[in-house]
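Chain A is fixed; fit chains B and C onto it per the hints.
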Amino acid sequence: MGCAVSAVPALSCRAVVKDYERSHLGRVIRTRALDGLDLEVRAGEVFGLLGLNGNGKTTAMKLALGLLRPTSGSVSVFGKPSGVPSSLAEVGYLPELPYFYPYLSPREALRFYGALSGLARAEIDARIPPLLERVGLSAAADRKAGEFSKGMLQRLGLAQAVLHRPRLVLLDEPVSGLDPLAVHDVRVLLRALNEDGCSLLMASHSISDVERLCARVGILVNGRLARVVEQKEWADEPGRLEAIFVHTVRPGGARP
Amino acid sequence: MNAAMVLAVNTWRQLLRTRFLPVVVLFGGVLVYLGLLLGALAGDVEPRVLLDVGMAVVEVMTCGALAYCAASGVLLEIEQKTLYLILTRPVPRPAFLLGRYAGAVAASATAAAAMTACVASVLLVKGAPAGTDLLLALWGALLKGLVTAAVATLLALVSTSVLSAMTMTGVVWVLGHFVAEIRFLAQHTQSLAAKALLPAVWLLPDFALLNYRDRLHLPGAGLGESLALGALYAVLYSAVCLGLTTALFRRREF
Amino acid sequence: MRAALAAAGAAAALNLAFSSVSVPRLPARGGVSLAGEGVVAGAALWSLGMRRLGADLGFINLLVYYGTHDEDHDGHEHAAAGGYEDLLPRARRIRALDPYWSYPVLYAAGALAFNLERPDEALALLDEALALRPGDRELLATVAAVGFQKKGDLTAALERLMTAVDGPDAPTMLKNMAAFMNERLGRRETAARLYREILESRDASYHEAAERGLARLR
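Residue numbers (numbering that gives the first Met the number 0), protein chains in the order written: chain A, 0 to 255; chain B, 0 to 253; chain C, 0 to 217.
Looking at chain A on its own, in the form it has when it is part of the complex (with noise of 0.2 Å):
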């Protein structure tokens, strides 16, 4: 599962402005979902995400995904805009909750979602029984995913968004509903993954997994990166990044 190390950015958003707007009996209503969002993930580097929900963390992963357009600002991947053919080739995605269409079997799925990330057959079957192996899905190789649960469609989420072996992965709440040992499983491939130069960005409400994966990690608050913490600042005391993290979220709090 290897990638390749750049020294240009694996994702840099600049000044990123996002507005959510919806009409309302004639009206137009604005939503500020990113306001001026300056984030930057390293090539090679697995950096966190964190805030509380609605403060822009999906959004800031649709917009690198070309799921969502700026209202202004930049988004870039690997100096590529975000949203076209070539850069959507870097990247795998794990959404939050991963939805598959119910009559595949998750050999069925990856060979599809293999042919359309460009991969020859030859290369997708070569690939699948590893993986399946690697996110513990060998056993379930051939039923139908209409009848996993939700830990087996995330551990298939996870195959997907590698399979085609990204410079870039984004994780989407890469735990949520997983099982203590599945949760190891998935930090285990994660950091095999970001060993062999993946960068990752991974959003989540899991500190405790934040801590464990991340060299970086930003705090979003209303839109904006209110704090970028290097892991040296909470590597040697257990329990610190929280208190960071609940301090620059909660106004008025004391600085830890």
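Zero decoy hints are in this set.
Okay, the calculated beta carbon distance ranges per label pair:
{"no.": "1", "chain 1": "C", "residue 1": "66", "chain 2": "B", "residue 2": "123", "range": "26 to 34 Å"}
{"no.": "2", "chain 1": "C", "residue 1": "66", "chain 2": "B", "residue 2": "78", "range": "51 to 59 Å"}
{"no.": "3", "chain 1": "C", "residue 1": "7", "chain 2": "A", "residue 2": "128", "range": "51 to 59 Å"}
{"no.": "4", "chain 1": "C", "residue 1": "63", "chain 2": "B", "residue 2": "81", "range": "51 to 59 Å"}
{"no.": "5", "chain 1": "B", "residue 1": "252", "chain 2": "A", "residue 2": "149", "range": "24 to 32 Å"}
{"no.": "6", "chain 1": "A", "residue 1": "128", "chain 2": "B", "residue 2": "238", "range": "36 to 44 Å"}
By construction, these hints were calculated from the structure, which means they are not laboratory data. Even glycine gets a Cβ: it sits at the ideal position worked out from N, Cα and C.
Just chains B and C now, kept in the frame of chain A:
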């Protein structure tokens, strides 16, 4: 295989595995065989009645199936978020639409061929093989299906639900069968409101051009130039609809 | 908005271009009467592009109407001169849906002229059909047959009718009529041939009459 082809194959497989198309074929086949009851009342013209009933069933079932597949395909992908894992890959958005469209058309054409085989079997049993009439009627049904699917795909993107998209597609389908009459009436009416609607009528698909089933044995009907022109019209009209759909889909956020 | 306008313009231009294309069409403005039985079904099928099917169902209705109204019918040899007032309007409604389909015209004209002794109605129907198909042999022959029958010249009427019944679209009913007329004129071999053809036809309602005819000729 390029992305559109991959998506087309997946759509085809989806429609078969979810049993939607097999149910359409089964229901259509039952209706075709029920046509035997009508044919029994028709005396000398039994073969004509069997052909007309059978191919009307084929056309309605095919176009209905395509309207559903096209209307629900994109909307359900958006609703169920299976779209995310496709659009976050290097798949151009037009390729996604084209692939789903092509897959739905291919699967429905398969169903139409199966139902037409039922009609052929009925005619054969009655000692009246239909020959080119059957193929002409099938060709017309498939061309109408192309246009219906393109219209349904467009309406799915501008409407809020599968039901409303299908309903609007059904209205367009009905109106498209007598555009010539509507244009005539609008031109000759004194009503300003009707005259104001005349430009909109020119946007409707003219299904009379593709209605080979209803023109069998008309003087000069069916062959050569008429077939080629009908196919050209169906392809061009579908392309216009899909072009607009693509333009809208490119700008869509998820 | 620009894309929508461009698409609308393209669709309109396409329709405008193809509106001048000469493709065979059923007459766009054939006046469909709003009176009478089955008109709603006919209109509905018209709006679904199924005029032929509408005509088929209309003809089945006509067969049921003509076949069940008078229970004393005996293969139409002894039909009353009156009755079946709606036969001509029903035939006209079928023509409005499929003006190029001669069979119902021949059937209704034959019934009107030779069974119900209303040759003027038969001629009116045949003339309307001939306006669209002026060279149609079966229609022309039937017109001639009705004309001679009206003048009382049964032999001449039969000669013209034989031309019509030898055509591929000839209703079995007309054939039955011709067989009976041949039998009356003493042309036993021709009558027998026609009765045998009737027995091989799809219209089973005349099989019994044909069997009785053959029995008489033995």
